[in-house]
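To convert a position in the sequence shown, counted from 1, into the working numbering, add 68.
Hints listed in this document are in silico derivations from the structure and should not be mistaken for laboratory results. Watch out, some of these pointers could steer you wrong.
Below, in silico cross-link-like pairs of lysine-lysine (DSBU-like), each with a Cα-Cα straight-line distance of 30 Å or less [stated by the list, open to error]: (1) LYS104 - LYS139; (2) LYS104 - LYS149; (3) LYS149 - LYS139.
Derived CB-CB ranges, DEER-like [to be verified]: (4) ALA106 - VAL148: 19 to 27 Å; (5) LEU137 - SER70: 49 to 57 Å; (6) SER70 - ARG103: 40 to 48 Å; (7) ILE147 - LYS71: 17 to 25 Å; (8) ASP130 - ALA102: 14 to 22 Å; (9) ILE147 - ALA106: 14 to 22 Å; (10) ALA112 - LEU137: 17 to 25 Å; (11) ALA151 - ALA112: 21 to 29 Å; (12) VAL148 - GLU121: 13 to 21 Å.
Virtual Cβ for every residue (Gly too), placed ideally from N, Cα, C.
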Amino acid sequence: MSKLFLMVMVGTLALAQIVPSCGGEEQTIVGWVARKFASGFRNAYIVQINNVEYEVPQDFYDVVRVGDLVKQEHGIWTIVKRAGGS
Numbered sequence: 069m070s071k072l073f074l075m076v077m078v079g080t081l082a083l084a085q086i087v088p089s090c091g092g093e094e095q096t097i098v099g100w101v102a103r104k105f106a107s108g109f110r111n112a113y114i115v116q117i118n119n120v121e122y123e124v125p126q127d128f129y130d131v132v133r134v135g136d137l138v139k140q141e142h143g144i145w146t147i148v149k150r151a152g153g154s
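Construct the entire structure; sequences and hints are all you get.
Here is the structure:
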């Protein structure tokens, strides 16, 4: 009985990973970059916005600066306003 339950749970979790969420559209992220750093452990480029760390593409990481207002929409990161108004 417990093996059957375990198999059902594993199958349910696998299906949940495949089926898209019913939560609606992808979230848009907008905020000021508080810090940026490269994570050697994950081999990733990270920016922190509103106390949340986001992985970004390297080409965006190379041009964004701390203090920039940025937006991520439909998987595309853009700089809305440069730090210091420049």
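Against the structure, the hints come out as follows:
Distance restraint check for LYS104 and LYS139: the Cα-Cα separation of roughly 15 Å lies within the 30 Å cut-off, and the hinted pair is therefore satisfied. Restraint check for LYS104 and LYS149: the C-alpha separation of about 16 Å stays at or below 30 Å, so the hint holds. This hinted pair checks out: LYS149 and LYS139 have alpha carbons roughly 10 Å apart, not beyond 30 Å. Taken as a hint, the range 19 to 27 Å holds for the pair ALA106 and VAL148, whose Cβ atoms sit roughly 23 Å apart.
In this structure the supplied range 49 to 57 Å holds for LEU137 paired with SER70, their Cβ-Cβ distance being about 53 Å. The hinted window of 40 to 48 Å between SER70 and ARG103 holds, with their beta carbons roughly 47 Å apart. As the Cβ distance of ILE147 to LYS71 is approximately 53 Å, the hint placing it in 17 to 25 Å is violated. Between ASP130 and ALA102 the beta carbons are some 18 Å apart, a value that agrees with the proposed interval 14 to 22 Å.
Distance hint check: the CB atoms of ILE147 and ALA106 are about 19 Å apart, consistent with the given range 14 to 22 Å. Separated by about 22 Å at the C-beta atoms, ALA112 and LEU137 satisfy the suggested range of 17 to 25 Å. In this structure the hint that ALA151 and ALA112 lie 21 to 29 Å apart at CB holds, the actual value being about 23 Å. For VAL148 and GLU121, the Cβ-Cβ distance of about 19 Å falls inside the hinted range of 13 to 21 Å, so the restraint holds.
Comparing the model with each earlier hint shows a violation of hint 7 alone; every other hint is respected.
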